[in-house]
Amino acid sequence: MKRILSTARTEALIAARNRWVAISIAMMALFSLVLAAAGSAPTGTLGADRLSVIVASLTSLAVYLVPLIALLMAFDAIAGEVERGTLPLLLTYPVSRAEILLGKLLAHLAILALAVASGYGIAAFAALFSDTDAAEGLPALWRLFWSSVLMGATFLGAGYALSALSRRPSGAAGLAVGLWLVAVVLYDLALLAGIVASGDGVFTRHIFPVALLASPADAFRLYNLAASQATAAAAGTAGAANSIPVWQSLLSILLWPIATVGLAIAAFRKVTP
Amino acid sequence: MKPMPILTVSSLSKSYPGLKALSDVSLTVGSGERVALLGHNGAGKSTLMKIVLGLIPYDGGTVTVHDAAPGSTEARNHVAYLPENVAFHPALTGLEQLCHYLALRGEPASKAMPLLSRVGLEAAAKRRIGTYSKGMRQRVGLAQALIGHPRLLILDEPTSGLDPVSRREFYALLDGLAAEGAGILLSSHALTEVEARTDRIVILSRGIAVAEGTLTELRRRAALQISVQIVPAAGAEAAIAAVFPQAEHRAGSLHLACQQDEKLALLARIASLGDKVADVEVQPPSLEDIYSHFSRGAAA
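These protein sequence lines are chains A and B, in that order.
Count the first sequence with the working numbering and you get residues 1 to 273, in order.
Count the second sequence with the working numbering and you get residues 274 to 573, in order.
Just so you know, these hints were derived from the structure itself, not from any lab.
Note that the structure is a prediction, hence the values are computed from the model and not measured.
Some clues are possibly wrong.
Said to hold, decoys possible - Here are the simulated DSS-like cross-link-like pairs (lysine-lysine), alpha carbons at most 30 Å apart as the crow flies:
#1 2/A - 384/B
#2 384/B - 399/B
#3 270/A - 293/B
#4 536/B - 549/B
#5 270/A - 2/A
#6 536/B - 2/A
As the list claims (entries may be wrong) - Simulated coverage check for chain B against chain A, where a stretch passes if three residues somewhere in it have a Cβ under 8 Å from a Cβ of chain A:
#7 322-336
#8 371-383
#9 504-512
Stated by the list, open to error - Take a look, some chain A residues computed to stay more than 12 Å from chain B by CB distance:
#10 5
#11 18
#12 38
#13 80
#14 89
#15 93
#16 94
#17 187
#18 205
#19 214
#20 262
Every residue gets a Cβ at the ideal spot worked out from N, C-alpha and C, and that includes glycine.
In isolation and in its complexed conformation, chain B is listed as follows (with noise of 0.2 Å):
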């Protein structure tokens, strides 16, 4: 069954003067769903964002966030955000900023400790954001995007500026998010992140949605070719070129490529090799091989 949609992005267009920054662009995320968007810079990723939130207008489509027209009362209640490079008053400490938006939202102020020790800054609290640390600042803006229970969670590189780790640790506040319902819209630039930790996935470039899908369905469209590397017992490297003629060598190992559904046959005759070889690796096409594969055919 496909989730309820917290958010509907239809036939979106979007022109600056001299630059049309999206086209026709449709998309949806439902309740409990984590959509990644990935896209160069100047794609247009943060420009819908920011449509979505009501921040600016659009030209043409429609956009339903949560039954309401994005920047309606309505919308805003039930919509995080968490911006890129996200930015606060520095006078201000990590706890009286986080009290501010907890009464902007109509919530106690005690709820803000408890939030900030959510995102690891409870120790750092009292003092001043000027002082905080890139990567603070944006837990912070994590916490504030936790407040209430939104229903949709916009969030714009929310992992910049955040050691691996903590990357970590966020992924499982979203996934904890995702579980209880909430739909889930981010932008990154660290594909290998997404990889694991979406459900779907929509490509941007140029101001146009060229691919949606989960990773396997845009794997299976792509259809690259998957790379095989064979290291040889000693000894074995002619043996085994002898075999496979076009292979090429690179630093003592063979590499092959092939497509998805020659893949098993390939490695049959690898198998039959026996202990002429030493090590076998297989190599799915990546996110980046993917990405830049739709990227280019909108391009072209």
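Same shape as in the complex, but just chain A (with noise of 0.2 Å):
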């Protein structure tokens, strides 16, 4: 535990010097500015309070900004540390590899969680101020904040995995860049051309609810969606999101960072310094 520890403290301290950590915060205070700010008109007609609309608001927002802060952060784990030359002496010290991968990933965790919690925070201020019936929609945001930090793990996961096994951050960094163009904007794109395909055939009622679980981001959405009051606010994918039970798309959420961590250490594993 205590290398664990020192690990997280000292990647915390290289991604504060690499200003990481002021990136990933300014990026996220931004857009959800502007969310907050654009989210203000449609209030009143929905008849749902201003924060839970920000909420399903943010939720569109952090599907695409928290992967891809979370890839960013991590495609340099393995193949930087392989092309600096630091990772031969690091082996020979009594940590495991699972250790040095847990000890980077509660440094980026930590950070995601600061960078999210700013801008969520900046933007329910923003609702409070303006709404007083707002304070209603502070569990949906509660909730959004522990799943974009889950959803941040799946991807970290993810981009220590790749960055693993392509040892070269330049390698490790297009990667990082087509998984997110795949798993976050393909992916859905895909999901739409089947159901538009199939109309109210197979695809539509059996796979399209399957393949909205399996992939991370989608999940997230999903349960978002549903365990909040903002499935009114968001009418368009709330019926799929109606559709599926929450304890499924929790349990998506839940599975996938130990599943992308577990591949990521796998993956280390195999690397040969």
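Fit the two chains together into the complex; they arrive one by one in their own frames, and the hints show the way.
So this is what it looks like as structure tokens:
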């Protein structure tokens, strides 16, 4: 445990000096502010409090931004050590590869949590300031926070796995951007195309719900929309959210981090310095 | 009495696709012993070290480090490593980096400053490693190798990047560690340093251990010629040349070569020339000569 904490402390120092802490907080804060400002228009007509409306917008934002920040922080984790030549020495220390990776995860997750908390905090503050009923949306905001951190862990783990597999930072960066594009953007587009083509066929009724649960980003979206009253505010995707039980999307967002971090540890064990 | 072995390598072999990196290499490092590993680039020195550290797998033979398998937690607890061209994250300060390494070995952070001052880095301890010179990074590397009480130190080209004064300090540090009972395996290109500062020498050539022994043993086995240089007194050059017709004339002095067992007889003859000789210098074969002798022998 001491070794994990020391690794985390060192990684946090490096991230702070490399401006990653500042960049991720600024990114989350900026986008949340824009959303909070833009989200002030439709309130009233939907019958939901302003914070719940903002949570729905923040969910859509987080689906894109949290995986991106996580992958950007993670891609250098192992490939960078290989390229700098710091890995052989580190691996002669009495510390296991899992401990090294968990230390890095702890640091990156803390930074991500800080960024997400600042972003959502600003949005919540803006909502509470202008709408006294907004406090009703606080539980949804809290749920959004911890599920965002879990989704971040999923993509951090995926980033580490890519970093271990490619062994060069430039290659790992390319793979990370590719993964983001596929897992967050193209996956949904493909599902949409499937629904359009299938109509009310087998795909829409049987494959589509499973496909949604199988994607960490979609499961995150489903969970937050289904579990909150924000469903009403995001009518479009809510249809799907209603047909899938909440426990299933919750299970998906809980299992994904374990799967990707496990994969990363397995890939790291295969790296010969 | 032979010291207790900390490291035992027997019949070790390792191949990469299309390359035999090590074949049938055996060596031991005892407690308190300083063993130098010599060889050209690509002779297999770093490969051997990485196998001993458990960083890369090997194909055949056995390796025992402190009675454990290389790379096992038991072995890693007792082995310190200084890689060739040691690197650290440039964003960390020397002090932060060392505190982290101390924590990984379960030692308190309070030991970082004393270690850094032991290698002469206390003034730069709070500067980022990115601003350090190569020699300073090498000192950080050395400081981390001194953490705890390692039973075995694996040092890959440890003095590269150090100036002559630092090198002397570095070898003094090693003497202290060996006196405390640590075994040391180091590789070096600077043969003259190794000459004075190690107990035993192992010469690797193309993955084969071609020679092993103390410098005196290797010198005897190589049976290389000793060179004797005579500086004649003014006007006496022709007289000396008449006594030693085989001598070579170079820049006003005469050069002779002889075998080890002929040395005293030759010196006696030179001494009998009396004041015709201004000065005499005897040069035993250098480590460079011995090294090329054994490396060539393996290649032939």
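Hint-by-hint comparison with the structure:
{"no.": "1", "hint": "2/A - 384/B", "verdict": "16 Å, holds"}
{"no.": "2", "hint": "384/B - 399/B", "verdict": "15 Å, holds"}
{"no.": "3", "hint": "270/A - 293/B", "verdict": "22 Å, holds"}
{"no.": "4", "hint": "536/B - 549/B", "verdict": "20 Å, holds"}
{"no.": "5", "hint": "270/A - 2/A", "verdict": "25 Å, holds"}
{"no.": "6", "hint": "536/B - 2/A", "verdict": "64 Å, violated"}
{"no.": "7", "hint": "322-336", "verdict": "holds (count 6)"}
{"no.": "8", "hint": "371-383", "verdict": "holds (count 7)"}
{"no.": "9", "hint": "504-512", "verdict": "violated (count 0)"}
{"no.": "10", "hint": "5", "verdict": "8 Å, violated"}
{"no.": "11", "hint": "18", "verdict": "6 Å, violated"}
{"no.": "12", "hint": "38", "verdict": "37 Å, holds"}
{"no.": "13", "hint": "80", "verdict": "9 Å, violated"}
{"no.": "14", "hint": "89", "verdict": "5 Å, violated"}
{"no.": "15", "hint": "93", "verdict": "4 Å, violated"}
{"no.": "16", "hint": "94", "verdict": "4 Å, violated"}
{"no.": "17", "hint": "187", "verdict": "35 Å, holds"}
{"no.": "18", "hint": "205", "verdict": "52 Å, holds"}
{"no.": "19", "hint": "214", "verdict": "37 Å, holds"}
{"no.": "20", "hint": "262", "verdict": "22 Å, holds"}
In this structure, the earlier hints numbered 6, 9, 10, 11, 13, 14, 15 and 16 are contradicted, and the remaining ones agree with it.
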